[in-house]
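Peer 1: Sequence:
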Amino acid sequence: MPDALPPCSILILAGGRGQRMGGRDKGLVDWQGEPLVAHVQRVVRPLSDDLVISCNRNQKAYQAYADQLVGDAEADYPGPLAGVIAGLKVARHEWVVLLACDAPLVDRGLIEDLLHLAVTSDIAAMVRQGGYWQPMFSVLPRRVLPVLEQAWVAGERSLQKALLREAVQGLECVDDDRRLSNFNSPELLQG
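In UniProt numbering, the protein residues as written are 1 to 191.
It is worth saying that the hints were derived from the structure and are not from the lab. Please note that the accuracy of each hint is not assured.
Okay, the calculated beta carbon distance ranges per label pair [claimed, not checked]:
1. A64 <-> E166: 32 to 42 Å
2. G71 <-> R24: 13 to 23 Å
3. P7 <-> G155: 31 to 41 Å
4. V174 <-> R92: 28 to 38 Å
5. L5 <-> E166: 18 to 28 Å
Glycine included, every Cβ here is placed at the ideal spot set by N, Cα and C.
All chains, please: the whole structure from these sequences, using the hints.
Peer 2: Structure, rendered in structure tokens:
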């Protein structure tokens with residue numbers, strides 16, 4: 001792996017409805033004394049001078065963790081694809097690391113591996129775990145924005161399906177890789 005990775009923007013998605021959390025804003029839910037988003041932000045902050053959070057509520061609370069905030073163009077929580085489109089529009093760097101706000105165990109090594117894979121193959125890189133794509137652990141070139149916008153206009157709402165319209169390099173991770181844990185329900189926060 002090269003010593004210096006290229007500059008990248010970080011896009012943390014925190015704009016969801018939080019249905020499995022009883023409507024609570026997942027990124028601001030407390031875990032180990034801090035909001036979930038704080039754990040993710042601490043890992044990624046040293047990697048970028050452009051940390052973007054996509055959030056549709058509680059912007060004042062999220063501002064402390066970001067350089068830029070974006071919201072979805074449509075109301076009523078249209079899903080992660082809308083947040084990715086909004087984030088790519090404002091990203092300052094060609095490469096954008098995409099993460100969820102409820103993945104507090106993600107580490108720098110995983111992000112660097114994804115970024116290296118994307119840059120060396122010059123296409124998006126996404127984690128694959130147990131044969132399944134994990135789009136919330138991805139590195140995207142900003143140039144995929146028109147493809148994602150076209151997918152949106154065509155009615156696609158699945159982030160994974162939209163991303164897979166273009167070539168994607170997979171980073172294989174084992175089934176029990178804790179770094180990929182999503183704490184998206186109250187029960188998982190207790191684990």
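Peer 1: Taking the hints in turn, state whether each one holds.
Peer 2: Hint-by-hint comparison with the structure:
| no. | hint | in the structure |
| --- | --- | --- |
| 1 | A64 <-> E166: 32 to 42 Å | holds (34 Å) |
| 2 | G71 <-> R24: 13 to 23 Å | holds (18 Å) |
| 3 | P7 <-> G155: 31 to 41 Å | holds (34 Å) |
| 4 | V174 <-> R92: 28 to 38 Å | holds (34 Å) |
| 5 | L5 <-> E166: 18 to 28 Å | holds (21 Å) |
Against the hints set out earlier in the document, no violation occurs for any number.
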